[in-house]
Amino acid sequence: MIQAMEAERPAPAAEGAVPAVEVRGLSKTYNGGVLALDDVDAVFPQGALTSLLGPSGCGKTTLLKIVAGLLPASEGEVRVMGRAVDGPGPERAFVFQDFALLPWATVLRNAAFGLELRGVPEAEREAAARRCIAEVGLAGTEGRYPHELSGGMRQRVGLARALAVDADVLLMDEPFSAVDEQTRRKFQEDLLRLRGVERKTFIVVTHSIEEAVYLSDRIILLSPGPGRVARIVEPEIDRTLSPEAIRRDPHYLETVEDIWQGLRDFVE
Amino acid sequence: MRLFGVRLPMMSSLILWCVLWEVAGRLDLVFLLPPFSAVLVAMTEIVPTAGFLRATWLTLGCFALGMALAVLVGVPLGVLMGRSRAADRLLGLWVNLFLSAPLSALVPILMILFGLGTTTIVATVFLFAVWIITLDTQAGVRSVAPSLLEMARTYGAGRVALYRRVILPAALPEILAGVRLGVIRGVKGVVIGQLLVSIVGYGALFELYSRSFLMEEFWALTILLFAFALVLADLVGRLEKRVEFYAGAR
Numbered sequence: 001m002i003q004a005m006e007a008e009r010p011a012p013a014a015e016g017a018v019p020a021v022e023v024r025g026l027s028k029t030y031n032g033g034v035l036a037l038d039d040v041d042a043v044f045p046q047g048a049l050t051s052l053l054g055p056s057g058c059g060k061t062t063l064l065k066i067v068a069g070l071l072p073a074s075e076g077e078v079r080v081m082g083r084a085v086d087g088p089g090p091e092r093a094f095v096f097q098d099f100a101l102l103p104w105a106t107v108l109r110n111a112a113f114g115l116e117l118r119g120v121p122e123a124e125r126e127a128a129a130r131r132c133i134a135e136v137g138l139a140g141t142e143g144r145y146p147h148e149l150s151g152g153m154r155q156r157v158g159l160a161r162a163l164a165v166d167a168d169v170l171l172m173d174e175p176f177s178a179v180d181e182q183t184r185r186k187f188q189e190d191l192l193r194l195r196g197v198e199r200k201t202f203i204v205v206t207h208s209i210e211e212a213v214y215l216s217d218r219i220i221l222l223s224p225g226p227g228r229v230a231r232i233v234e235p236e237i238d239r240t241l242s243p244e245a246i247r248r249d250p251h252y253l254e255t256v257e258d259i260w261q262g263l264r265d266f267v268e
Numbered sequence: 001m002r003l004f005g006v007r008l009p010m011m012s013s014l015i016l017w018c019v020l021w022e023v024a025g026r027l028d029l030v031f032l033l034p035p036f037s038a039v040l041v042a043m044t045e046i047v048p049t050a051g052f053l054r055a056t057w058l059t060l061g062c063f064a065l066g067m068a069l070a071v072l073v074g075v076p077l078g079v080l081m082g083r084s085r086a087a088d089r090l091l092g093l094w095v096n097l098f099l100s101a102p103l104s105a106l107v108p109i110l111m112i113l114f115g116l117g118t119t120t121i122v123a124t125v126f127l128f129a130v131w132i133i134t135l136d137t138q139a140g141v142r143s144v145a146p147s148l149l150e151m152a153r154t155y156g157a158g159r160v161a162l163y164r165r166v167i168l169p170a171a172l173p174e175i176l177a178g179v180r181l182g183v184i185r186g187v188k189g190v191v192i193g194q195l196l197v198s199i200v201g202y203g204a205l206f207e208l209y210s211r212s213f214l215m216e217e218f219w220a221l222t223i224l225l226f227a228f229a230l231v232l233a234d235l236v237g238r239l240e241k242r243v244e245f246y247a248g249a250r
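Taken in order, these protein sequences are the chains called D and U. Residue numbers for the first sequence, in our numbering: 1 to 268. Residue numbers for the second sequence, in our numbering: 1 to 250.
Just so you know, not all the hints are guaranteed correct.
Stretches of chain D that chain U covers, calculated by requiring three or more beta carbons in the stretch to come under 8 Å of a beta carbon on chain U [to be verified]:
#, stretch
1, 62-72
2, 85-97
3, 109-121
Not everything, but these chain D residues come out facing chain U in the computed CB check (under 8 Å) [claimed, not checked]:
#, residue
4, Gly32
5, Leu35
6, Trp104
It is worth saying that the hints were derived from the structure and are not from the lab. None of the values given here were measured: they were computed from a predicted structure. All C-beta atoms in this analysis are idealised placements derived from N, C-alpha and C, irrespective of residue type, glycine included.
Go ahead and model the full structure; you've got the sequences and the hints to work with.
In structure tokens, the structure reads:
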């Protein structure tokens with residue numbers, strides 16, 4: 001009852017004050033009684049890149065999928081731009097760990113698929129898809145099929161698809177875990193560049209501390225069994241530095257070490 | 001294949017068997033086996049006859065209708081069983097049972113149900129072909145990557161779009177494999193159905209030839225039917241390969 005009233009409450013007037021995504025009192029019990037998330041509160045500010053970091057079994061992907069509307073929460077609520085949601089919506093786009101590309105469709109059609117499902121006319125959606133394919137650095141591959149691309153390129157197609165629907169929030173489920181290390185670094189740099197261009201909110205699930213510190217404005221550390229928010233870290237990395245300089249920056253290394261010391265207890 | 005350094009064209013082994021058949025026929029070992037050349041002559045004789053053409057049209061018609069029904073029923077049934085656990089529990093046992101059962105035994109019952117005519121033949125084709133189409137479709141639908149389904153949901157796919165744009169195309173290679181196997185079984189169905197009904201189509205011709213000991217004609221008809229089955233299976237197989245290419249690395 002109280003939740004329903006809150007849901008109807010209009011969003012505050014000040015733009016910046018509304019977090020892009022907010023979860024309150026979120027719990028998730030899977031069939032069979034496994035508690036995956038226990039009373040999680042988290043705020044994802046607009047325009048920021050927030051990482052969900054934690055060891056396997058801490059429910060970070062579960063949390064992301066609940067935010068995406070792919071899984072129902074057992075308790076609690078998810079608000080996107082101030083409005084309570086309980087399913088997928090056009091203001092959120094998902095980037096999948098295994099890319100989730102249609103193997104029978106070209107890069108162009110895959111990138112345009114989100115718009116195709118929304119009934120956008122072909123010429124319009126292909127124009128948008130071409131733009132996004134170029135933006136993720138894949139111009140020229142429009143006519144190729146996913147099996148002709150490397151893992152890193154496939155994930156770029158997944159990213160182009162998410163960009164093409166022009167959602168406010170990009171949800172990324174371990175987007176770099178299925179690609180090799182070199183590709184991964186390049187991809188991370190590109191993601192940072194993209195973040196500067198696109199005024200979007202990113203929520204990225206990762207199990208890599210370095211990746212989280214390198215990419216994020218905020219890191220939400222989750223502890224396992226059941227998943228709870230353990231700590232919130234704001235790395236404040238100087239992003240004007242070159243990627244190499246950042247990776248050697250003492251503050252960067254310190255933050256990585258600090259988080260590792262915190263996570264260590266959960267792993268051991 | 002190479003023989004004494006000479007590259008032989010495909011199917012040249014067939015020539016060897018034909019020669020063997022010719023020799024065995026000429027030796028007059030058994031009256032059941034006339035020389036191959038005589039069979040070929042008989043083939044050119046029976047093909048233009050009105051009786052043969054009528055039988056061919058009837059066979060093709062029954063086969064096409066039975067296969068169409070098998071696809072129209074088998075694919076939706078397989079999708080249902082692939083998507084719903086309850087449907088699978090309810091129907092899976094029967095589909096598997098019918099898949100391996102000797103269905104020829106049921107044709108007499110079909111004759112009682114549908115009479116001694118084309119309906120029974122259509123029903124036989126359907127009964128032979130439908131189960132493998134159902135099972136392969138189910139396997140295809142089951143193996144659609146869960147992330148593809150989630151992807152469709154996050155981008156707002158409705159029910160119709162989910163099936164039309166994701167599930168069916170993703171399961172298409174398996175569905176076509178099912179149809180190819182269904183075609184092979186359907187050809188058996190259309191022949192067995194006609195043989196058992198035996199008063200229409202090729203069944204009547206077979207009955208006539210074997211009863212009158214017209215072995216040349218009998219073998220000619222048999223060879224034509226075998227070739228028909230092979231060509232059909234090959235056609236679906238080609239279609240399948242093209243789809244497999246697009247389905248790529250799954």
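Now the hints, each set against the structure:
1. 62-72: As far as the stretch 62-72 of chain D goes, the hint holds, because 4 residues have Cβ atoms under 8 Å from chain U.
2. 85-97: holds (count 8)
3. 109-121: holds (count 5)
4. Gly32: Violated - the Cβ of glycine 32 of chain D stays beyond 8 Å from chain U, reaching only about 16 Å at its closest.
5. Leu35: 22 Å, violated
6. Trp104: For tryptophan 104 of chain D, the interface hint holds, since the closest Cβ of chain U sits about 4 Å away, which is under 8 Å.
Hint compliance for this structure: hints 4, 5 are broken, all remaining hints hold.
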